[in-house]
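Student: If you want the building blocks of each chain, they are given just below.
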Amino acid sequence: MKIAEIAEWIGATIEGDESIEITGLAKIEEAQSGQLAFIANPKYAKYIETTGASAVLVDFDFPRSEKTLLRTDNPYFAFLKLAKKFYRQAPQISGVHESAVIGEGTTLGKNAAIAPFVFIGKNCRIGDDVTLFPGVFIGDDCHVGDNCLIYSNVSIREQCKIGDNCILHPGAVIGADGFGYAVEGGRYHKLPQMGIVVIEDDVEIGANTTIDRATLGETRICKGAKVDNLVQVAHNVEIGGHTAVAAQTGVAGSTKVGRYVMVGGQAGITGHIKIGDKAKIGARAGVTKSVPGNIFVTGFPARPFRQEMREHASLARLPELLQQFKQLQKRVQELEKLT
Amino acid sequence: MKIAEIAEWIGATIEGDESIEITGLAKIEEAQSGQLAFIANPKYAKYIETTGASAVLVDFDFPRSEKTLLRTDNPYFAFLKLAKKFYRQAPQISGVHESAVIGEGTTLGKNAAIAPFVFIGKNCRIGDDVTLFPGVFIGDDCHVGDNCLIYSNVSIREQCKIGDNCILHPGAVIGADGFGYAVEGGRYHKLPQMGIVVIEDDVEIGANTTIDRATLGETRICKGAKVDNLVQVAHNVEIGGHTAVAAQTGVAGSTKVGRYVMVGGQAGITGHIKIGDKAKIGARAGVTKSVPGNIFVTGFPARPFRQEMREHASLARLPELLQQFKQLQKRVQELEKLT
Amino acid sequence: MKIAEIAEWIGATIEGDESIEITGLAKIEEAQSGQLAFIANPKYAKYIETTGASAVLVDFDFPRSEKTLLRTDNPYFAFLKLAKKFYRQAPQISGVHESAVIGEGTTLGKNAAIAPFVFIGKNCRIGDDVTLFPGVFIGDDCHVGDNCLIYSNVSIREQCKIGDNCILHPGAVIGADGFGYAVEGGRYHKLPQMGIVVIEDDVEIGANTTIDRATLGETRICKGAKVDNLVQVAHNVEIGGHTAVAAQTGVAGSTKVGRYVMVGGQAGITGHIKIGDKAKIGARAGVTKSVPGNIFVTGFPARPFRQEMREHASLARLPELLQQFKQLQKRVQELEKLT
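Residue numbers (this note's numbering), protein chains in the order written: chain A, 1360 to 1698; chain B, 1360 to 1698; chain C, 1360 to 1698.
Careful: at least some of the hints might be erroneous.
Remember, identical chains collapse to one label, so a pair may be satisfied in a single copy or spanning two.
As the list claims (entries may be wrong) - Straight-line alpha carbon distances no greater than 25 angstroms define the calculated DSS-like cross-link-like pairs of lysine-lysine that follow: (1) Lys1549 <-> Lys1637; (2) Lys1481 <-> Lys1520; (3) Lys1426 <-> Lys1582; (4) Lys1361 <-> Lys1481; (5) Lys1444 <-> Lys1361; (6) Lys1633 <-> Lys1648; (7) Lys1481 <-> Lys1443; (8) Lys1582 <-> Lys1520; (9) Lys1549 <-> Lys1639; (10) Lys1639 <-> Lys1689; (11) Lys1696 <-> Lys1443; (12) Lys1685 <-> Lys1696; (13) Lys1444 <-> Lys1481; (14) Lys1402 <-> Lys1426; (15) Lys1582 <-> Lys1615; (16) Lys1696 <-> Lys1639; (17) Lys1443 <-> Lys1520; (18) Lys1633 <-> Lys1520; (19) Lys1520 <-> Lys1469; (20) Lys1696 <-> Lys1440; (21) Lys1582 <-> Lys1633; (22) Lys1520 <-> Lys1696; (23) Lys1582 <-> Lys1549; (24) Lys1633 <-> Lys1481; (25) Lys1689 <-> Lys1402.
None of these hints come from the bench; they were simulated from the model. Bear in mind the structure is a predicted one, so any value in this text is a computation, not a measurement.
Between the sequences and the hints, there should be enough to build the whole structure, so can you do that?
Tutor: Laid out in structure tokens, this is it:
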């Protein structure tokens, strides 16, 4: 593909040789002649000097280079558009395999691709263009929207609802019982978990992530939210629209996470609180109380980023302070003797 | 169901309209006319003003209200009893599916419900009223007690023992090899993990939780213990009876956790230590040494709660202290000049 | 087996009764007459007084005892050699089960043991002496080397490569999409994850661990690395040879972890950094920037162990310091009044 065609297609400006032919995409540090790379993270800017790429996608602030550059507002998004063009995968699953078990009253939409060893319970509604990989379990009375991709060994328990265009990665568990017990007579009594999980449209759920069903009502993952691997979402939680939750994070029961929130990896959010829209929760933060919108919190207990940084910086000076304090005490003692 | 009947059944006192008819249960903040809600967590007390519920289960300390109240010592447990009455699920799996593979010498108890794509190895003993969901794997020589519910894609490796009335949620892995190596010649040599996992009666294991088999002897989860999702229990650990372990916690090898212990989410407990009975481990605590019974520890390294709180509170004042200290140093210097 | 034979076989020196007959292996605290135990961790040295073992494997520094001792440089490794001798398991899976689905163009090596409900896609190459447990999913165009053991419900997505002698524990997910999005127009757009996962020879991957495929290029787990349960390895990460990663650790995108690194449990390592060879990352450490080789870092943000210890120790003294500081301020005030 001619670089001029690419530039036109993604709306980029060419700075350099307009005749280059592009044969594929690659990472800036590994790219070879004929390949197009991108720089979106400043950490990788240095590779412009050494990359073998024939051209590099950058933004308008990137310095001039001897390399041919394609300038665009959002090089990462431009790269994504190209990736979708260059990279097209043959479907691995097609048709409904004879070994699949599909319960009474369940309907499949058009172009359903149902792999071997898939189990679908009774009275489910599976939309058009849905692919279920081997080992998928779907309990009774579930809905799965159109154009969903559900990878191997995913479990979706009874009555849960999955919207359109969702991707569930291998091993994800949707709708297991919430962790709810009443204590009486010195032992735990299990509270029936009578609610469901609702996953709205355009949601992605990571590998081996667990989203528990509600005690009553719903656990809800709203439209466009993206949840990474090994995340725990407890009963009755709501994850707002277009919120991203990085790997190994846990959200405890009944907490409402707002829209456009970003949650870093390995964060923990306690139960029964609210995280405001567009808040940012740092990686490994432990959030112990509600957080307003548009704020960046870090640390444990989570507090505004600047405050936490200041406290941590001061902690590094504490050992020295303790020594200096002793000296000062002595000096004051000396002065007191003199007076 | 008449509220008077409900009150009698759960042993509650009615305060208000005794003629109300209850059609179902709901969360206090979402309940509508005809529904019964409960308040067990003070955070939700405010909803008494606005709830649409026809009646609310509360304890004897809850203030009077215009709403009809059902008073009982343990409203959450009363709610649980009602939930079990109102909420009864049809079985999703019944009979032994023809695709299930059941090894030689394995016996199934009465009313076994064995779903499609279940694999049971040789010489296993599966109790009465056991339900195995699709994709369950049980290795050779395992025992599963009566009345167990084992959800989809659970793996139980060879020789492990599961007691009566256990629930294993989807994707749980029981009896994978412990993480044990001897280093020799600059590389890791795998130590055969020759022990097993024993899960006693009335235990619940969360979705995608992993309980490793012992190197020698047993990893044991004792009677009535409840383990949440994505928990790691390493080889040779013992989790005591009626202990609850919240999600994403990890317990390292050979540690003994006592009875009636509560472990918060995302906690970590190092190997080869003991946690005393009725200890409470805070969420995200990192326990680095043995903890006596009846104590509440938090933070990392975990220490008594009050101490950790005091240290954290003082940390918030440290940046200011550093400034004030400098000023005091100057003042002492001034005084020294004068003398 | 005579103890003299054992001693000869593992190259140990007998100190005590050379005529003892050994019938099996056991943990020092549970061993009974006829059994051989070992002490490799000083925490267990006290059991030498009370153990029922007939003999105990120890190193040359261990004190003399009335018990018969077998002395060797590395008692844990000696124990491992014995364990391999004493403990030999019958294969649970053999032959290719008729329910297994094997795609066109896929080749199986000699002695392939393919369990029921295994799915292998098209054009895969499966080596000799490979065992695939029930519920294993392998996508199109994968390679699996010789002598691999892949436990139940493992998922390996398309094009990934597994070396020789690898063990993948139940529920592990290899090659799920990395968590990569470009933001445009206020929503997340999924970046196709076009790369693969390469797992080199002699690697072990824990239960329910997730290793994401690269955006471009490879995520790579190098020869001899050992990864515990519930670990998250993000796209484009490299885990160096002979590195051990304990349970519930997360490594964010594009980070390179060196060779012979030890990573404690529940650690977190941020993206786009480097961990030097033979570095040691403490349990629960949060690594926020590159770490040189041969260093031990702990805490969050991770810093050299001694520094972190000193800071934490000083934090415990901070509450008292705050009080003493106030007193000193008063004393200085008094002095100032006098002058």
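Student: Now tell me if each hint is right for this structure.
Tutor: Each hint, compared with the structure:
1. Taking CA atoms no more than 25 angstroms apart as the test, Lys1549 paired with Lys1637 passes between copies only; the shortest distance there is 20 angstroms, against 36 angstroms inside one copy.
2. Taking the shortest Cα distances, Lys1481 and Lys1520 sit within 25 angstroms of each other inside one copy (14 angstroms), while across copies they are farther apart (32 angstroms).
3. In this assembly of identical chains, Lys1426 and Lys1582 lie within 25 angstroms of each other by CA distance neither inside one copy nor across copies; the values are 41 angstroms within and 37 angstroms between.
4. When the C-alpha separation of Lys1361 and Lys1481 is checked against a cutoff of 25 angstroms, the pair qualifies neither within a copy, at 53 angstroms, nor between copies, at 33 angstroms.
5. Taking the shortest Cα distances, Lys1444 and Lys1361 sit within 25 angstroms of each other inside one copy (14 angstroms), while across copies they are farther apart (64 angstroms).
6. In the homo-oligomer, the alpha carbons of Lys1633 and Lys1648 lie at most 25 angstroms apart inside one protomer (8 angstroms), although the nearest pairing across protomers, at 31 angstroms, exceeds that limit.
7. Proximity of Lys1481 and Lys1443 under a CA criterion of 25 angstroms is satisfied inter-copy only: 23 angstroms between copies versus 36 angstroms inside one chain copy.
8. Proximity of Lys1582 to Lys1520 under the C-alpha cut-off of 25 angstroms is restricted to the intra-copy arrangement: shortest distance 13 angstroms within a copy versus 35 angstroms between copies.
9. Proximity of Lys1549 to Lys1639 under the C-alpha cut-off of 25 angstroms is restricted to the inter-copy arrangement: shortest distance 20 angstroms between copies versus 35 angstroms within a copy.
10. For the homomeric pair Lys1639 and Lys1689, neither the shortest alpha-carbon distance inside one copy (47 angstroms) nor that between copies (41 angstroms) is at most 25 angstroms.
11. In the homo-oligomer, the alpha carbons of Lys1696 and Lys1443 never lie at most 25 angstroms apart, since the shortest distance is 81 angstroms inside one protomer and 75 angstroms across protomers.
12. Taking CA atoms no more than 25 angstroms apart as the test, Lys1685 paired with Lys1696 passes in both settings, with 17 angstroms inside one copy and 20 angstroms between copies.
13. In this homomeric assembly, Lys1444 and Lys1481 come within 25 angstroms of each other (Cα to Cα) only across copies, at 24 angstroms, whereas the closest approach inside a single copy is 39 angstroms.
14. When the C-alpha separation of Lys1402 and Lys1426 is checked against a cutoff of 25 angstroms, the pair qualifies only within one copy, where the shortest distance is 18 angstroms, while the shortest distance between copies is 61 angstroms.
15. Proximity of Lys1582 and Lys1615 under a CA criterion of 25 angstroms is satisfied intra-copy only: 14 angstroms inside one chain copy versus 34 angstroms between copies.
16. In this assembly of identical chains, Lys1696 and Lys1639 lie within 25 angstroms of each other by CA distance neither inside one copy nor across copies; the values are 55 angstroms within and 50 angstroms between.
17. Taking the shortest Cα distances, Lys1443 and Lys1520 sit within 25 angstroms of each other only across copies (24 angstroms), while inside one copy they are farther apart (28 angstroms).
18. In this homomeric assembly, Lys1633 and Lys1520 come within 25 angstroms of each other (Cα to Cα) only inside a single copy, at 24 angstroms, whereas the closest approach across copies is 42 angstroms.
19. Proximity of Lys1520 to Lys1469 under the C-alpha cut-off of 25 angstroms is restricted to the intra-copy arrangement: shortest distance 19 angstroms within a copy versus 34 angstroms between copies.
20. Taking identical chains as interchangeable, the C-alpha atoms of Lys1696 and Lys1440 are never at most 25 angstroms apart, the minima being 78 angstroms within one chain and 72 angstroms between chains.
21. Only within a single protomer do Lys1582 and Lys1633 lie at most 25 angstroms apart by alpha-carbon distance; the minimum there is 18 angstroms, versus 36 angstroms between protomers.
22. In the homo-oligomer, the alpha carbons of Lys1520 and Lys1696 never lie at most 25 angstroms apart, since the shortest distance is 79 angstroms inside one protomer and 76 angstroms across protomers.
23. Taking the shortest alpha-carbon separations for Lys1582 and Lys1549, only the inter-copy value of 14 angstroms comes in at or below 25 angstroms, while the best intra-copy value is 31 angstroms.
24. In this assembly of identical chains, Lys1633 and Lys1481 lie within 25 angstroms of each other by CA distance neither inside one copy nor across copies; the values are 37 angstroms within and 48 angstroms between.
25. With identical chains, the CA atoms of Lys1689 and Lys1402 are never at most 25 angstroms apart, being 50 angstroms at best within one copy and 43 angstroms at best between copies.
Consistency note: the structure conflicts with the earlier hints numbered 3, 4, 10, 11, 16, 20, 22, 24, 25.
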